[in-house]
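Residues per chain are reported as follows:
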Amino acid sequence: MPTRTNLRSAISSGLIAGVVMIYLMAVGIAAVFSERQVIAGYLTLGRVMLIVPAFGVGYLVAGRSGSARSRAMLALVAGVAAGGLFSAAYLASVALSPGIRHVLIRIAGPLLDFIGFKDLGFDPAAGAVLNLGLTAVAALAAGLVRIAPAATRRAILGGAGAVLALTMIEPFLRPRLLSFGFSDFARFVYLKHGLTVSSAAATFASGGLLVAFWPRMRGKARATLAAADPGTRSVLRWAGLLLAIVFLYTLPWLSGSFLTQVLVLVGFYVLLGLGLNIVVGYAGLLDLGYVAFYAVGAYFTALMTSPTSALGWGLNFWVALPIVVVLSAMVGLFIGAPVLRLRGDYLAIVTLGFGEIARVLLGADALKPWLGGPTGILSVPPMIGGGTYTLPIIGEVTGPAATYFPLLGFCLLAAFVAHRLKYSRTGRAWNAMREDEDVAQATGINIVNYKLLAFAMGASVGCVGGAIYATHLQGVVPGGFILLVSITVLAVVVLGGMGSIPGVIVGAFALIGLPEMLREFAEYKLLVYGAVLVAVMLLRPEGLIPDASRRAELEEARGGGGPEGEPILEVISGDA
Amino acid sequence: MRRPSNLSLVDVILWALRVAIVVGVAVGSFATISQGKLSGDQWRDLLVFGVSQGSVYALIALGYTLVYGVLFMINFAHGDVFMFGGMSAFFVADYLSNIGFLNGNPYIAVPIILLTGAVSSMIVAVLLERIAYRPLRRAPRLVPLITAIGASLFISNSVRGLYGDGIKAYPRVDILQGTFDIFGIPVLKGHAIVIVAAVLLMAYLYWFVERTRTGRAMRAVSEDTDTAALMGIDVDRIISTTFAIGGLLAGAAGVLYAIVYNQVIWSMGFLPGIKAFTAAVLGGIGNIVGAMLGGVLLGILESVGPFLLLGGLGVPSPNQLHDVIAFSVLVLVLVFRPYGLFGRPESR
Amino acid sequence: MSMQASADPAQMSDSGGTPLLVARGVTKTFEGLVANRDIDFDIPRHSIVSIIGPNGAGKTTFFNQLSGVYHPTSGSIEFEGTSLSSMSPHLVAGLGVARTYQNIRLFQNMSVLANVMVGRHVRMHGQWYGAIARLAGIRREEDDATRHAFELLELVGIRRSSANDLARSLPYGDQRRLEVARALASDPKLLLLDEPTAGMNPGETRQMTDFIARLRRDLQLTILLIEHDMKVVMGVSERITVLDYGEKIAEGTPAEIRANPRVIEAYLGKQASA
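Residue numbers (the working numbering), protein chains in the order written: chain A, 1 to 576; chain B, 577 to 924; chain C, 925 to 1198.
Careful: at least some of the hints might be erroneous.
[Unchecked claim] Partial list, computed: chain A residues near chain C (C-beta under 7 Å):
(1) A429
(2) A432
(3) D436
(4) V439
(5) Q441
(6) I445
[Said to hold, decoys possible] For the chain C half of the interface with chain A, some residues (derived, Cβ under 7 Å), not all of them:
(7) S1007
(8) S1010
(9) P1013
(10) V1046
(11) M1124
Since the hints were derived computationally from the structure, they do not count as laboratory data.
Predicted, not measured: the structure shown is a model, and the values here were computed from it.
Each residue gets a CB set at the ideal place from its N, CA and C atoms; glycine is no exception.
With the rest of the complex left out, here is chain A:
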């Protein structure tokens, strides 16, 4: 029998989960996903969204100490609390319809029907009961998963994750399968934009097995690697490198036009993220106006390469680029110089101010003769040829793929530069400065110069991104350079892990790539960004792929080691 305090906290946790469910309903997330099939005909993503809070609370609550029976009971109690609250809110919404729609605009008939299982013939009262039951069962199931032995638990979660992942990539995977001629396979896996029952089951099973055996396989792989002689090891390393290169090279061809466009967008944020990483991650200067450098690069490039711009020089991109980089670095110095003495919060706000000033000026009538006002500058020629060129093996490259290759090149260059800097005297100086500015200065580090250097480098990388952006869109408009870009880049760096290069890549894919795949999310993108930022700071401030020193610094602030302390993708990062 669980203790009274545990019961009370289970109930309150359940109520909180209920609030989350109500929130998902009221804000419209449940509605937006109610059409997206997970398992065609049986389970929609909307339903999954509503169940996740219940599952989560059951999982968490069952983590307390006690007998298996009491833990399961706690999970059930939490589920009942959550379900009860949610069902009550549902009934209230039904009762207050349609008037409630004037205030909470998402709570419309179709959503309520969806929640109440009207398509199965239930009336609202029965629907409410069913919801309560479903929530309670989900929480209980989660509790049981938590109680289960670790291997089983991981397998189940892995299987579920695999199913979700497979269904989410449907918009990308299915067209590719079809275009490569695998239509039978495609029909086996997907039905009406969701998974078939059989493919769901198969995926669950294989996902589960994979996760279950992963530790063993990884251990064996590591052991083999360690036992191998240096010759074999270097051969393997080169083979891995070659494989990566081939993969990256053929990626646009593999992915098709839509996904290449997504990759290009991700690539921009990787590049920007690498630049901001130097400013925020290495030097510890929180810059909320990073978009200004992006804009400087884009606008200078447009001015210099477009024949119809105010300057009208019509330079070749590659000739203009070095000039633009130098100009950006100077802008970086001009912005950095006055703000050197400012501390964290103030520095952030000042840079935000700079970014906003830039945004307004870009679109202002006052500068229209040079910057083109709200319509911007047009006719920026593409980087290479007329936007179409040929490459060995893959042949003609056009459209987004034409941007992909140079962008990839610059990303690799930026990553290379960032890596070299990190493990050098400069990187050490930045680290020390970030740790304790006064002591670093007393140790002989010229703080002013190193801060300026960080700003200038960050500016240069950002500006290259902007330059490529201008050629990609073949023009620049002020609307593309809003505060949101700065915040998104910051989110990418923070989520991935400040100071971590692989982290930036993962962060960009997560925050930019995923919303593109889950089109329905577009409307809630910012909401998710905000929630992600808060969640990461509260739960894992060192990010997904932490930099070793950063992890230590932030674990200490949390009062000791994190939950598992292990970075998710430590194999790739090579850290620790």
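Using the hints provided, position chains B and C relative to the given structure of chain A.
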């Protein structure tokens, strides 16, 4: 390379900036005034508008300054707290208007609306502190700031999701239409109400902080948190109270803002939030009177500035640039005088 | 091992030559509070001198002016003829002044080795472009710095195997020694030690005292110490300066200071000397 040891690139840039600002302001103002682009009445109207808008900024700025005083952090999400008050009060105002109560009993209805706004903002502010800031009290500085940014995004976009994208027009309050005649100056009734309400609220806050026990406790926590705790002050509760008060003021400001602009929208928190922060810094962060004065000053600068500085130079559509004025004030204050007009520099 | 430095102190320091550091009339005020008042202070080359005084006497304030963190409100400080009065701390470090801190201020989240190598920053030349290109000169410099860092770790007595551990994971005594290693990494001429034995037990204190003496002897350093532990001060200093309420009230050899009534009064109050 030998230079006089005190002069560096940074100093050169800063001096160049100072010169540019002084010259720009002088030339622009002179040109505008000598060309007589605006009449005396127009300047006066701009001034009044600036004061009323500045009063709104002042109320929001108080929230920033209070929180900074106790936690030494910038509550980036405070602007969205302000928005939430205005937004929630809208529904009450709309309802009261529909049943005829608003214009039937305005002297009861308007305070009700103000109260709704204030209380809803207070709830959000307290929840914000509890959920997002309290766990991070000992984290390195960057962490709460990033959390605040995330919270700001989350709150504003949640409101967008809950209540929709569009502008919500506040109902007309008949008694607030028209103008008062104050010493021969016509002042829009709406503006006048805003100014009076703001002054009353600020006076109340000042009294609260200076004279009440809780206010004293807040000042103690702001001076030295650990010692205050040792003296028996419940620091957590005081911090919650501080957020609550800041929220109340911001919520009231949200309603007042709606009265001046007649509309609310989910995104209305960002700009006033930044500007209010500017006002708080302008007055000296942590300084209550400074925040009030800074708010009014900024409002005036923002209203009068574009025309004064740029009109004479033949700059088209100077009013587009009023945000630039505000942001420039922010940047300039932080660069040249980060302790504000009423603060004192730390010595080296 | 005896408490005294093993060689005759009078023969160690260049009492005949020009002092390494000359401070005259140094006064430092903070908004009305006078932290240091009109202090004259010389540090003879290759000597070990100490500053003592009750809490709040202004010792650390004086220290901070020697390392450039504070600038004197009036008066002058000259290091080998160069004025420090308005010099930025990093330039002071470049001249050859290194210090440790009363509350340990290591770069906690950097590795032990990195901490020492940062100490060497001011004697290295690698720039960002060199780092990116990994020029041969840079690589050599990094290797040399690494080797030097390991030597220093050995000198201060930190195990080689801890080199990649985070500084914060070291035991307290090792952290103090790491701070010294970091200070030594820049090949300083003057080493400022701010309460190096704070928080140490008698055994560790003895080790540190011997170590300080050894440093001066083996590395030809000049050392200025702030200390509260009288055994250390009396045992290793050639000259002691006493501050009280921001003013210098006495200066002399350990024996002279021990007997000085003003000093006793400052520490123990009027009754004790009466």
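Results for each hint:
no.: 1; hint: A429; result: 6 Å, holds
no.: 2; hint: A432; result: 5 Å, holds
no.: 3; hint: D436; result: 6 Å, holds
no.: 4; hint: V439; result: 5 Å, holds
no.: 5; hint: Q441; result: 5 Å, holds
no.: 6; hint: I445; result: 6 Å, holds
no.: 7; hint: S1007; result: 18 Å, violated
no.: 8; hint: S1010; result: 15 Å, violated
no.: 9; hint: P1013; result: 5 Å, holds
no.: 10; hint: V1046; result: 3 Å, holds
no.: 11; hint: M1124; result: 21 Å, violated
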